[in-house]
Amino acid sequence: MTATIEIDHLHVVRGNRTVIEDLSLDVVPGRVTGLLGPSGCGKSTLMRAIVGVQVVAGGSVRILGRDAGTPSLRHEIGYLTQVPSVYGDLTVTENLRYFAAVTGSPEERVGEVLAQVALQDAAGQIVHSLSGGQRTRVSLATTLLNRPTVLVLDEPTVGLDPILRADLWQSFRELTDGGATLLVSSHSMEEASECDDLLLMRDGAILAATTPDELRERTGENDLSRAFLAIIRGSEA
Amino acid sequence: MIATARRVLWQIRRDRRTIALLLGVPVGLLALLRYVFDSRLFIFQDVGAPMCGLFPFILMFLITSIAMLRERTSGTLERLMSLPISKPALLGGYAIAFGVLAAVQAAIVCTVGFTLLGLNADHGAWLVGVLAIGNALLGMALGLFASAFARTEFQAVQFMPAVVFPQLLLCGLFAPRGAMARPLQDVAYAFPLTYAFDALRRATNPGPLGGTVVLDVAVVIGATIAALGLGAATLRRRTP
Numbered sequence: 001m002t003a004t005i006e007i008d009h010l011h012v013v014r015g016n017r018t019v020i021e022d023l024s025l026d027v028v029p030g031r032v033t034g035l036l037g038p039s040g041c042g043k044s045t046l047m048r049a050i051v052g053v054q055v056v057a058g059g060s061v062r063i064l065g066r067d068a069g070t071p072s073l074r075h076e077i078g079y080l081t082q083v084p085s086v087y088g089d090l091t092v093t094e095n096l097r098y099f100a101a102v103t104g105s106p107e108e109r110v111g112e113v114l115a116q117v118a119l120q121d122a123a124g125q126i127v128h129s130l131s132g133g134q135r136t137r138v139s140l141a142t143t144l145l146n147r148p149t150v151l152v153l154d155e156p157t158v159g160l161d162p163i164l165r166a167d168l169w170q171s172f173r174e175l176t177d178g179g180a181t182l183l184v185s186s187h188s189m190e191e192a193s194e195c196d197d198l199l200l201m202r203d204g205a206i207l208a209a210t211t212p213d214e215l216r217e218r219t220g221e222n223d224l225s226r227a228f229l230a231i232i233r234g235s236e237a
Numbered sequence: 238m239i240a241t242a243r244r245v246l247w248q249i250r251r252d253r254r255t256i257a258l259l260l261g262v263p264v265g266l267l268a269l270l271r272y273v274f275d276s277r278l279f280i281f282q283d284v285g286a287p288m289c290g291l292f293p294f295i296l297m298f299l300i301t302s303i304a305m306l307r308e309r310t311s312g313t314l315e316r317l318m319s320l321p322i323s324k325p326a327l328l329g330g331y332a333i334a335f336g337v338l339a340a341v342q343a344a345i346v347c348t349v350g351f352t353l354l355g356l357n358a359d360h361g362a363w364l365v366g367v368l369a370i371g372n373a374l375l376g377m378a379l380g381l382f383a384s385a386f387a388r389t390e391f392q393a394v395q396f397m398p399a400v401v402f403p404q405l406l407l408c409g410l411f412a413p414r415g416a417m418a419r420p421l422q423d424v425a426y427a428f429p430l431t432y433a434f435d436a437l438r439r440a441t442n443p444g445p446l447g448g449t450v451v452l453d454v455a456v457v458i459g460a461t462i463a464a465l466g467l468g469a470a471t472l473r474r475r476t477p
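Quick mapping for you: the protein sequence lines, in order, are chains R and D. Numbered by my numbering, the letters in the first sequence go through residues 1 to 237 in order. Numbered by my numbering, the letters in the second sequence go through residues 238 to 477 in order.
Keep in mind that the hints were calculated from the coordinates and are not lab data. Every residue gets a Cβ at the ideal spot worked out from N, C-alpha and C, and that includes glycine. A portion of the hints provided could be inaccurate.
These stretches of chain D come out as covered by chain R in the derived footprint (C-beta under 8 Å, 3 or more residues) [stated by the list, open to error]:
no., stretch
1, 247 to 253
2, 315 to 326
3, 463 to 477
Go ahead and model the full structure; you've got the sequences and the hints to work with.
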């Protein structure tokens, strides 16, 4: 089976700092792949490169067999930025209606995605007046409007309470059941057990491409945070 | 394009104070000018009449540079650039929304200026209004371009005096260009606002409009398109 996202020898320099050096990875279709690593390790930059909004210095990034940034991919990739990128001075519904128009999604999708992120009650509220977690969900809802086949979500569950977080993972599961491929980043290893595949990242490199079970087995640690630590120690040894 | 225009107008609609300032300030300033030149009303006519058509230029420059800067810094621009929206559609949306605002602003300031305050527009106040909308779009295009060079709103605001004031000073509004130092007269012809002013002066003064007014308008339109093109080039799909 061909990978949905194929990255070969990616090299990204921001300013005069090398953020990603010679990184290669594959993301398998129809699964939730977790991109885990500490803050500042290059997760967001990697995601920007996948979405095609990052200037890259070398290597290739291909999504669904096409080079990242190819115009036709803009219809098929949903991208959640780390900082919610919605208009603070519009209501939730107005934001969704605008992004629906931009992505060519029918108006009835607005109500559907609102339900998906459990924000029906806040539909008429100005985004500025919402909490951080709610804003993230508005932003997430805008990425779901046109039913993208590939979803690149940069820390979608940060700042959410445990119940909402569980609900969101449930809806991610439903998306993959519907055939979508998800790449979800997080700096918290707590989320790792929710993923099908794991990419452990540190200092701009992928330390391990594995699954939660394989990681436990390989390190002999039951706790995934400790397992990640063991991988880091192993790579430094 | 329409979607973006609607969205920009939605944003502004909610900001009542901005609307009040946008529509009230030009009228207030014009009335102030009227009474500053209370005993020399011919000066008010010379300065005030073309000014009706220049206000939208100044304000749209400012509003666009801030609105675009916000779009850049809030991450919404990056988001839009990852979506299937073309740059001309985005810029066109802004142009329509701000064009609508400029039309309302110009209608109010022209109505007050040419009726209540007693200004004369020999070729019709409507012509001043139409020119004002064109000038507003020029201001918008320059503001869009300027916003690419500002990282903060403080910087964006400073571009107003840097880009707009020299053009206002040299266009002939405050002193006839013929009375300026020779090099300044030449420099003035490099600025689009000079042509905008000339068109407005011809529209508000007695005597035939002449063919040059068409040339003036063409220069303003050309400069607007050029600035929009430069502005579009600053909207990058990929950023470092």
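Hints, verified against the model:
1. 247 to 253: holds (count 4)
2. 315 to 326: holds (count 8)
3. 463 to 477: Held - the stretch 463 to 477 of chain D has 4 residues with a Cβ nearer than 8 Å to chain R, which meets the minimum of three.
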